[in-house]
Amino acid sequence: MSTNQIKVDALVVGGGISGMQTALDLGDQGYKVAVVERKSSIGGKMIDLSKVFPTLDCCSCITTPKMSATAHHDNITLLTYSEIESINRDGNGFKVQATKKPRYVREDDCTGCRSCELVCPLEVSEDEHEFGRTSHRVVYVPFSTAVPQKALVDLDHCLFCGKCIQACPSDAIDFTQQPEPVEIETRSIVLATGFETTPINAKKEYGAGKLRNVISGMMMERLLAPTGPYGRVLRPSDGKMPASIAYVQCAGSRDQTLGVPYCSRVCCMYAIKQAMLLSGALPLAEITIYYMDIRTFGKGYEQFYQNAKAMGVEFLKGKVARITEDENQNPIVRVELIDEFGKTRVTERQHDLVVLSVGLLPGGNPQPKFGVPVGEDGFVQVPDYNVFPAVTSQPGIFVTGAAAGPMDIVDSIMMAGAAASSAASYLEAGNGSRKEAQRQPERSVEYA
Amino acid sequence: MPEEIVNTQAQNPKEDEPRIGVYVCNCGGNIGDVVKCEHVARTLERLPNVVVSRDNMFMCSDPGQKMIADDIKEKGVNRVVIGACSIFLHEQTFRRTLERAGLNPYLYYHIGLREQVSWVHHGTPKEATEKSIRMMAAGIAKARNMKPLEPVRLPAHRQALVIGGGVAGLRSALDLARRGLKVTLVEKSHYLGGHMAQWERVFPTNEEARPLLKRLIDQVLAEPNITIHTGAEVIGAKGYVGNYNVTIRQTPRGVRETFPNEQEAIDVCPIKRRKRFDFGLSTSKAIYRTYTGCVPESLVIDWETCTKCGECVKVAPEGMINLDEEAQEFTVDVGAVVLATGFQPYEPFYGEMGWKEFPEVITLPQLHRLLDDEGPTQGKFWWNGHPVKNVAIIHCVGSRQVEGVHRAQPDGNVNNYCSRVCCTASLSMASLIRQKAPDAKIYEVFEDIRAYGRGHEDYYTRASKNNVTFLRYFAEEIPEVRRADEKAEHPLLVKVRDHLTWGEEIEIPVDLVVLSVGMMPNPVQDLMEIFKVTPGSDRFLLEVHPKLRPVETAVNGVVLAGTAQGPMNIQESCAAASAAASKVSALIEQAKVELEPYVARVDPDKCQGSGECVKVCPQEEAIELKTFSENGNTFQRAVVTPANCNGCGVCVSACPNRAIDVQGWRLDEYEAMVSAIAADIPAWEGAA
Amino acid sequence: MTTETPQKGKILLLATLSGGYRGADMVGQGHMDYPPNTYILPVMSSAIFPPKFYIDAFEKGFDAITVMYSGTDSPYKGESEKTAEIINETYEKMKELNLDLRRLRLAAICTVCVRPFLEEVQRAESLLEEIGPLPRPLAKQGVAANVN
Ligand SMILES: Cc1cc2nc3c(=O)[nH]c(=O)nc-3n(C[C@H](O)[C@H](O)[C@H](O)COP(=O)(O)OP(=O)(O)OC[C@H]3O[C@@H](n4cnc5c(N)ncnc54)[C@H](O)[C@@H]3O)c2cc1C
Ligand SMILES: Cc1cc2nc3c(=O)[nH]c(=O)nc-3n(C[C@H](O)[C@H](O)[C@H](O)COP(=O)(O)OP(=O)(O)OC[C@H]3O[C@@H](n4cnc5c(N)ncnc54)[C@H](O)[C@@H]3O)c2cc1C
Ligand code: SF4
Ligand code: SF4
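Chains as they are written, first to last, in our numbering: chain E, 143 to 590; chain A, -5 to 682; chain Y, 9 to 156.
Mixed in with the good hints, there may be bad ones.
Unchecked claim - Example chain E residues on the side facing chain A (calculated, C-beta under 10 Å, incomplete): (1) THR197; (2) LEU198; (3) THR206; (4) SER210; (5) ALA211; (6) HIS214; (7) TYR246; (8) GLN398; (9) GLY401; (10) ILE436; (11) GLY517.
Stated by the list, open to error - With a straight-line cut-off of 30 Å between C-alpha atoms, the simulated DSBU-like cross-links for lysine-lysine are: (12) LYS435/A with LYS461/E; (13) LYS16/Y with LYS120/A; (14) LYS141/A with LYS60/Y; (15) LYS60/A with LYS149/E; (16) LYS600/A with LYS60/Y; (17) LYS586/A with LYS174/E; (18) LYS141/A with LYS68/Y; (19) LYS85/Y with LYS141/A; (20) LYS461/E with LYS609/A; (21) LYS181/E with LYS60/A; (22) LYS600/A with LYS85/Y; (23) LYS85/Y with LYS232/A; (24) LYS609/A with LYS305/E; (25) LYS174/E with LYS67/A; (26) LYS181/E with LYS352/E; (27) LYS149/E with LYS586/A; (28) LYS85/Y with LYS609/A; (29) LYS85/Y with LYS526/A; (30) LYS68/Y with LYS120/A.
Read the hints as simulated data drawn from the structure, not as lab findings.
No experiment lies behind these values; they were computed from the predicted model shown.
Even for Gly, the Cβ is constructed at its ideal location relative to N, Cα and C.
For reference, chain E alone in the conformation it holds in the complex (with noise of 0.2 Å):
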């Protein structure tokens, strides 16, 4: 195949929404850029998300127009379900050797028609977009509005029945394909491998995720989502509709006794707008949010804040010691509360659901591949950190969104510009092909 070497101006390692703005941003000044995401549709975990904060927009209102400008632009090569294996400086630029797994369906081919997937014999149940709650066949396309909308084969539970070979009309499957190995020759990288949340068992206070009507904040995104698991909110146990729900803060974030005494950023405000989302899909449930401090910090936020105070979620300082369960396995929080009176009083209280606010950790350790070194809290190290947040003290190397830190949609965007304009700063200092025929006579500053 003739595609396995590609000549880039940029490379976007992960295409989240803080890869794709960058890429979109570097494509649109006429750069030539390629976008390789490891899994099987770019879209990162904005895609998983309900509605988005601050504007409750519909999240995927906002991220597949942009994966989907990002797979159409003449200037942006995307490649899906790929790895990075090594990179090599290389004069002024990068050699880099990725891999191209094997969907087990001819991208060319495939039309995303899902003929395949309704004859599939086999359910698996584990789907890592719907976080084990659902289950999608052996062969399928990853989500309804995944980009691209190619099929994969799950090889490990395929029975080789050979049905969807027979179903597919245009002859895309191929149980013979092979990793590929793809050659990238790049000018610069730019970073955007994301976030990880805090997994669920971290915290043994806090049930270790044995409690079942204990979940994550990710968790609840699914649930909230128009493309969700049940398509309302059903508590785990026993489908039930949650009457009392609370959610923890910074569960696994600013505890030093899990080792991320950072705050998160995000998980106050998509605690307050689940919250919201709640109160809207289940006018009658209560909501608790126990909290240290609220950081709405964000531009609206903290008007959002107050409307969802206004509309009645409860806000409780308090700092929740311990998460039990009773015999109906109703979750019971411990916490030593501080009541509008300002008296602090240890208490126990049931609820139907919790909810745990889980933290961000870096998506990866970028040292070992890319020689850029992370800070101590583990995300990229930035080292002009305020004037330049964008630049790794790798020359050429860039880095953009929760890489970078834990940050939301709204600053990842904002930080995705500020890759593309340094990369491009980069890009025509490195070549000297700024125009000369731009520079001006005259003395730039003038004194007056």
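Guided by the hints, dock chains A and Y with the ligands onto chain E, whose structure is given.
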């Protein structure tokens, strides 16, 4: 009886018969929870010229867009009507879809079913569904009449104007210049760097602010593409994206360059003024230097207080100081404008927590100056000639205000937003105070501690370790600052109901109260008028959409950078500034811009040369009468110059022969839309 | 006087894309409710409509029309003056047809005018409650009125 919707199609010649594709978006429930989208689609199917009518969960997603593209290719759809979210969100998205499918992107019409139907008619799903049908029918009626349009293509200046020389403006200018564009940077004050220059240090790196700033300024100065004008303001602008002609007014500095005996010139000046750079904590002469190492470095004269006595001129080298220099006005041609006009600290009103009532009440910006080695006390933590032993820093002054509790600004609104930087800025100052005064009692009186960013939480933890006492209050119960007894050791008392202990009312005796004041936008009413940009309800300049187009304003070619848009710290300001540079580069880098084709167009067959249009047109050289001759007859017809026409349409209604229309928004389209809304809906059986 | 059952009637809102139309979006973003007999059409400039357009709209089935223009915030020089001029001309025509002049209104609504937008809608709704929809065709009503 209202007329039927059907008959408009007769106007279209057969070969170009409209084949309309209709798409109703569910918007992940945002629309579909109220409007029965499927029903809407099924009903519209029956309208004339509608070839396909579909509903979909997310029209804007790739599969949604593909559906449209496929219909264009396979079903011969040649007009597209979409009912979805706001037109401002995805108009461009869908235009590109059409373009990719080979259809003229203007053969598409968008109906806002979310913001203007489902989100405002929650309680009446049946009526909302009916309204959606009528609105979509209007779109279909318009679509029948739509014609392909071409954007107006114009050359653009590969040059940008950056207004504001704070860290955001500097960073934007640098990125633009490095991208190969020429930049004119206009700074109102006589030095670069904005507020950052005033801080003793900056979180989260604890770097000294001015050396850090100087490194950035040096990079800016090294760029031959950047021309900087300090002491300058934009006073007018003509034109549009790609082609702005901007008038700048520059007040003279009064001093040509640095000279050896500057101190002498300063010493002889008889005038003392409050030094704004120190937020009024110190004074300087009318001839002064803002700070050591500022750029430009030379002295500057404060024309507000200078009496032109000429003493300084006498001691300075010949021609070095010119008191009679006049302000200059000049123009620049630019393709795009970056607004980086920054913020101003909130100014408490008299008596607000003791402000101005007691001299021992200062603001956080003043504290920065106080602790600065170059500040009024050379960095000693002294006040009124005494070391400060007890200090209270009160958070959220002028931020997170509550209507009815706090006094409103002149526009009637309280500042209900969080200023984002003051918490960490306060904590970082607490840690500096601890260094300078190891025994001082430090109180942080706060609502929530918002140490959200990378490295911010460390300040919080450190403060706790440093024996900083935290007291929590609620916005409804503002701390009170009052004078202590005369004999008391500390002159002020801060009364707080502390919600971290037992809700007790606590009175803390202090020597100094620091108000952690928030941010307000720099007042730029004039620039808003000049560039037609709008503020949000928080008075900061408004972006189109925080996620889709976070640095662009509603005016094409005018973008935002830094705290002019909302509270941000330096890192965020720089990211935003850099993002703004990205947008500007993409816009004008190719030396051309494309404008919407929404300009006046004359139908030469209908025009009788009455000239009414020329009379009413408010634009210069947008429309004129030209003489034509045909078969020996000479006659006059109106002719439009698209680049100068802004599509205001004043001529449309003025034309006695209805010969003019604004392309894309034609009168006959509106007439068809009005008819369609009013018409009976075919086969409407009422939604369940 | 109309004694017909006050079937609610239709309200046409012509809203400028630089003003009222964004204001209406803002109202939507705030999820604030108003009655659904309101039909908002976006206009680039409110100055393009001649008086006949408004009269025709009344004839076709609208019972109240509010032009939500950008007023002094208009991006178009001359738009607001011209619009006001046309509305006044239209009033003359409406008088001839004996139409209640309150059925046509010009209101400056800006991009963040949430409250004013809702007030305008409310005003039109109350008006229709008071005077009811228009009997059509209009000309006849005019004649009838003259006879009275
Ligand atoms: C529960 C929850 C709710 C939230 N709600 C909101 C909200 O309402 N509003 C809001 O503004 N923000 C919200 N956020 C934050 C939001 O999710 C992030 O700001 C955003 O997703 C960050 O985008 P990103 O592109 O930086 O990272 P990601 O979305 O994590 O994308 C990174 C991408 O890179 C890929 N990748 C990683 N490593 C590699 C590699 N080595 N090679 C190739 N590809 C790789 C990943 O597969 C992924 O696709 C929420 C977060 C959580 C956890
Ligand atoms: C007390 C305090 C402490 C802070 N400490 C920190 C910190 O430690 N770390 C941190 O990251 N952030 C800190 N910040 C935030 C930081 O100051 C801002 O993020 C940053 O200064 C914003 O830069 P800017 O360029 O947007 O605005 P500004 O610094 O306000 O610059 C705007 C510039 O535009 C000019 N201007 C205004 N109007 C016009 C006009 N009409 N024409 C021409 N020019 C004009 C002004 O003169 C000014 O030079 C602090 C803020 C405060 C209030
Ligand atoms: S954003 Fe809120 S919940 Fe999340 S870590 Fe920070 S303070 Fe805790
Ligand atoms: S940052 Fe802190 S002090 Fe500033 S307004 Fe927000 S909560 Fe108040």
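Checklist entry - Quick check: which numbered hints come out false for this structure? => result Result: hints 7, 9, 20 and 24 break, sorted rising.
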